[in-house]
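Letter by letter, the chains look like this.
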Amino acid sequence: MENRKLRDLIGSKLMLVITIFIAFLFFLILFTLITGSIYIVGDQSITELLFSSTWKPRSGEFGLLGVIIGTIIVTGISMIISVPISLLTAVYIVEYAPKKVRQIIRPFIDVLAGVPSVVYGLCAFIVFVPLVRDVIAPFFGELNSSGFSIFTASLILSIMVFPIIISLCVESFNAIPIELKEASLSVGATKWETVKKVIFRASGPGIISAFLLGFGRAFGETIAVSMVIGNQEKIPSSLFGQGQTLASIIAQNYIDVMSLPRLESALIFVGLILFIVVLIFNVLGYLVLRRARGKWNY
Amino acid sequence: MELLNKRILEENIFKILMIFSVLVVVGSLVLIFAVIILNGASSISIDMLTQTSSPRFYLGKGGGGMLNAIVGSLLLAFPSTAMAFLIGICIALYLQRDFLHPSISNFIRLCLDILWGVPSIIYGIFCMTIMIAIGMSTSLLFGIIALTLLEIPIITRSIDESVKMIPLSLKESAYSLGSTKFETAIKVVRRQALPGIVAGVLLGLGRGIGDAASILLTVGDSNFIPNSLYDSTAALPTMILNLLSMPDPNVQSKAYAVAFVLLIIVLIISIVSRTLTKKSTKYIIK
Numbered sequence: 000m001e002n003r004k005l006r007d008l009i010g011s012k013l014m015l016v017i018t019i020f021i022a023f024l025f026f027l028i029l030f031t032l033i034t035g036s037i038y039i040v041g042d043q044s045i046t047e048l049l050f051s052s053t054w055k056p057r058s059g060e061f062g063l064l065g066v067i068i069g070t071i072i073v074t075g076i077s078m079i080i081s082v083p084i085s086l087l088t089a090v091y092i093v094e095y096a097p098k099k100v101r102q103i104i105r106p107f108i109d110v111l112a113g114v115p116s117v118v119y120g121l122c123a124f125i126v127f128v129p130l131v132r133d134v135i136a137p138f139f140g141e142l143n144s145s146g147f148s149i150f151t152a153s154l155i156l157s158i159m160v161f162p163i164i165i166s167l168c169v170e171s172f173n174a175i176p177i178e179l180k181e182a183s184l185s186v187g188a189t190k191w192e193t194v195k196k197v198i199f200r201a202s203g204p205g206i207i208s209a210f211l212l213g214f215g216r217a218f219g220e221t222i223a224v225s226m227v228i229g230n231q232e233k234i235p236s237s238l239f240g241q242g243q244t245l246a247s248i249i250a251q252n253y254i255d256v257m258s259l260p261r262l263e264s265a266l267i268f269v270g271l272i273l274f275i276v277v278l279i280f281n282v283l284g285y286l287v288l289r290r291a292r293g294k295w296n297y
Numbered sequence: 000m001e002l003l004n005k006r007i008l009e010e011n012i013f014k015i016l017m018i019f020s021v022l023v024v025v026g027s028l029v030l031i032f033a034v035i036i037l038n039g040a041s042s043i044s045i046d047m048l049t050q051t052s053s054p055r056f057y058l059g060k061g062g063g064g065m066l067n068a069i070v071g072s073l074l075l076a077f078p079s080t081a082m083a084f085l086i087g088i089c090i091a092l093y094l095q096r097d098f099l100h101p102s103i104s105n106f107i108r109l110c111l112d113i114l115w116g117v118p119s120i121i122y123g124i125f126c127m128t129i130m131i132a133i134g135m136s137t138s139l140l141f142g143i144i145a146l147t148l149l150e151i152p153i154i155t156r157s158i159d160e161s162v163k164m165i166p167l168s169l170k171e172s173a174y175s176l177g178s179t180k181f182e183t184a185i186k187v188v189r190r191q192a193l194p195g196i197v198a199g200v201l202l203g204l205g206r207g208i209g210d211a212a213s214i215l216l217t218v219g220d221s222n223f224i225p226n227s228l229y230d231s232t233a234a235l236p237t238m239i240l241n242l243l244s245m246p247d248p249n250v251q252s253k254a255y256a257v258a259f260v261l262l263i264i265v266l267i268i269s270i271v272s273r274t275l276t277k278k279s280t281k282y283i284i285k
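Residue numbers (numbering that gives the first Met the number 0), protein chains in the order written: chain A, 0 to 297; chain B, 0 to 285.
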């Protein structure tokens, strides 16, 4: 008897310790990133780091402006492409698709979510780079694009974000009480009108949080982007010019870290920016969803 | 009548747009598979699967393969998944109402969700910072640590989701028979959450084996199968990057073969996950 109680006590406390560890891990990462970047922030002011556009690790200049602009453009374009497509696909899956089609599409999307990012990147390298170089860039009057460009990275990122937005939207559409739809349909609204006026409104917060999480994914994607973006740290000259993003600059420069301690600190600083931005977007998504849960009870 | 026609027209336009979107999504998946399988199958050979790589392999002078990367990837993914599973199941069981107040467990869930959304390069740079701080060099050990951290939120949250679904009456009957909280968690809840556990572990394994950004900074590279935890090692995703950075197109095409192998492994994991989840659902008391 005592033995069992003792085991219960030890087991529970062990689980408690591990649970505390995970909350602690979150702060540990933040703390490590902050202490790691103190060196470079003390050396160069934050304004210089954020608003200068010269990135020359060997001569000790770490301006991130070009990279930040590149990140915003790449993430923005990929969201513009993937948001409407994902949203319409989710509506189709929930409201329109026959059961059989639905059963085929869902596993497809799950598989798409599981494909490693390096495979996406390789695919972009094989297909999108020549496509942008030979077809899309000349079409927009840009004749000497190498194909390794901001636009190429945006294309592959938008595909990578599809599964996240679609599955989150499907989840929140399914959570809407069926009476709402029935009420709208029974007063003569067409299916699309019901979708537009009832479903979008009722699951609005769910959709927004799906967008925010998709944004976070696109923002932090590293490998696929670094394989096709061309890796130039200057302010991008055009959509079909080469660029760099905050995540891919780490993957491109880590190799010199051992010989240049200031570079290590600068890259940790970049990591800190990434961490904080992703943190903000996740918390926003959570708050939006929580409000929705309170309103619709799902 | 005219108004009705307009409404039906709108309905049809959006229907067409939706079908177009579905085709784009499904088409992009088909495109990815077709490109990797077609390019990979033509450049793969038995030698590539049974030999370790060498400098000559990277220079395109024949010989060599990716055995060290396959073994390296498995050595990274399996131990890290096992560790993440052990940690994850403890947390998921502890997040139940029986142990923790819901407001605290919801805060921990939020932490886990944020950690899930953190780009994997952050885990890489976090582990690299620690590695440099304690004066060690790139090794299998730090790759395993980085992947464990990456997989913990994934595995924990999916176990947690299925633990949440367990009917209260089931736990109550265990308690009424005199079992302690810990015994109920380990014996009743764990068995009932089995499908979630299986799905979560395999999801984590799939992420772990395919992730490049976290191990890029922590495991280094090597042409041999690692002998100890402190050796650098190659892995499939990093090998793809290394091969692709070579100027010779013939060497680059070997990256397609490596990606082919990686994609097959990920697909197998996903199929196994589906069948096992279905199988383990049988033993659940509804």
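Do not rely on the hints blindly, as some may be mistaken.
Unchecked claim - DSS-like cross-link-like pairs, simulated, lysine-lysine; straight-line CA separation at most 27 Å:
#, chain 1, residue 1, chain 2, residue 2
1, A, LYS195, B, LYS278
2, B, LYS60, B, LYS186
3, A, LYS190, B, LYS186
Claimed, not checked - Not close to chain B: a few residues of chain A, all C-beta gaps over 10 Å, as computed:
#, residue
4, ILE21
5, GLN43
6, TRP54
7, ASP109
8, VAL118
9, ASP255
10, GLU263
It should be emphasised that the hints constitute simulated quantities derived from the structure, not laboratory data.
Source: prediction; values computed, not measured.
From the three backbone atoms N, C-alpha and C, an ideal C-beta is built for every residue, glycine too.
These are the hints, each one checked on the structure:
1. A:LYS195 / B:LYS278: Violated, at about 40 Å.
2. B:LYS60 / B:LYS186: Measuring from Cα to Cα gives roughly 58 Å; hence the hint is violated.
3. A:LYS190 / B:LYS186: violated (48 Å)
4. ILE21: Since the minimum Cβ distance to chain B is about 6 Å, ILE21 of chain A lies within 10 Å and the statement is violated.
5. GLN43: holds (19 Å)
6. TRP54: holds (17 Å)
7. ASP109: violated (7 Å)
8. VAL118: The claim breaks: VAL118 of chain A does not keep its Cβ more than 10 Å from every Cβ of chain B (closest is about 5 Å).
9. ASP255: Label holds. Min Cβ-Cβ 12 Å, cutoff 10 Å.
10. GLU263: The claim is violated: GLU263 of chain A sits with its nearest Cβ about 7 Å from chain B, within 10 Å.
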